[in-house]
Amino acid sequence: MKNISRDYNIDWLKNIAIYLVIILHLLCNGVNKNGFDISLTLYYTGVFAIPLLFMISGYLHLKKENDYNYVIKKILKILFICFTWNLIPFIYSLFIKHKYISIFYLIISSFSQEGTFWHFWFLGSLIILYLFLIPLQKLIKKYNVYKIITLLLLVTCITINIITIYSNFKGLGITKSKVTQSLRIWIWLLYYMIGGIMTKIDYKKINNKKRLYILTIIMIIITIVYELLFCNILYSSKFAENFYDSIIVMITSSLIFISFKTLIIDKKHYSTYLQYNMGIYIIHIFIINFLTPLHLFNNNYINIFWSIIILLISISITHILSKTPFLNKIIKI
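Numbering (numbering that gives the first Met the number 0), first residue to last: 0 to 332.
Heads up, some of the hints might be wrong.
[What the hints assert, rightly or not] Straight-line C-alpha distance at most 25 angstroms; calculated SDA-like pairs for lysine to any residue:
no., residue 1, residue 2
1, Lys137, Tyr69
2, Lys331, Tyr269
3, Lys260, Leu138
4, Lys137, Asn68
5, Lys266, Ile332
6, Lys140, Met218
7, Lys76, Thr115
Just so you know, these hints were derived from the structure itself, not from any lab.
Using the sequences and the hints, build the whole thing.
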């Protein structure tokens, strides 16, 4: 591994985003029954996880030159990972329940946010975004055009969000909820393209970092308060996914990204465990599902403690898999 070329800031940011994903998935149980307390507040800190992950993907993909061979390789890698992990429910269903379920159906279900690996919807979205990669790399060279298209996509997201809010007031339900998360590409593509814009910023020239950090903290607080105040007013449910296309979440996520890029993080702050983010993402659901029947997650205050335990267990299992031939191929894209 060539640490010289690693972006340690991005490694840390990506892993913080993965931990926020664990927060989302662990505290989402019974979220619609939660009152306006610290439990719901902690849950809403996770709203930045998915936007940051797509933004980071766009940043990493669009800051270097790639070709279609790279795109095909990455898509096949994702499909291989999804196929391999879905062999578990396939074998369980076939030999334990004596019921045949097509492995391809299980993969499609994963991308549709269903089944054992319902969180693979994120990987399904990544496959679609990879299809945009080469055209976006060509487009970003015409940076003014790239910014205009990003702005148009932003307007589209805001428009759909307004329609969604109006739809709820009229009792028609959340419009975008009719589309599975993996296919909400208008949102994910926007964050992906914002990640491309982040490649054009000279972070060393940002002088007043203290003001940036204070502004970021203030915006994080404002965003969480916004979610708390309007989850019942604007939407018919309290799930954080309702806010991904909110302009305030977009602004705050961008500020978090920029703030992290200005931090002085180098090799001495680096650990090989920071490479385990995809393995942690894959495995943490296994652990949550395994522990759920034990009724350990009935208190969301205690779940903060459990989120740390699940993170540590996920890191440990990923570490073991990373040292095992073949299995190391199913935890990293």
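Taking the hints in turn, this is what the structure says about them:
| no. | hint | verdict |
| --- | --- | --- |
| 1 | Lys137 with Tyr69 | holds (15 angstroms) |
| 2 | Lys331 with Tyr269 | holds (18 angstroms) |
| 3 | Lys260 with Leu138 | holds (24 angstroms) |
| 4 | Lys137 with Asn68 | holds (16 angstroms) |
| 5 | Lys266 with Ile332 | holds (23 angstroms) |
| 6 | Lys140 with Met218 | violated (31 angstroms) |
| 7 | Lys76 with Thr115 | holds (20 angstroms) |
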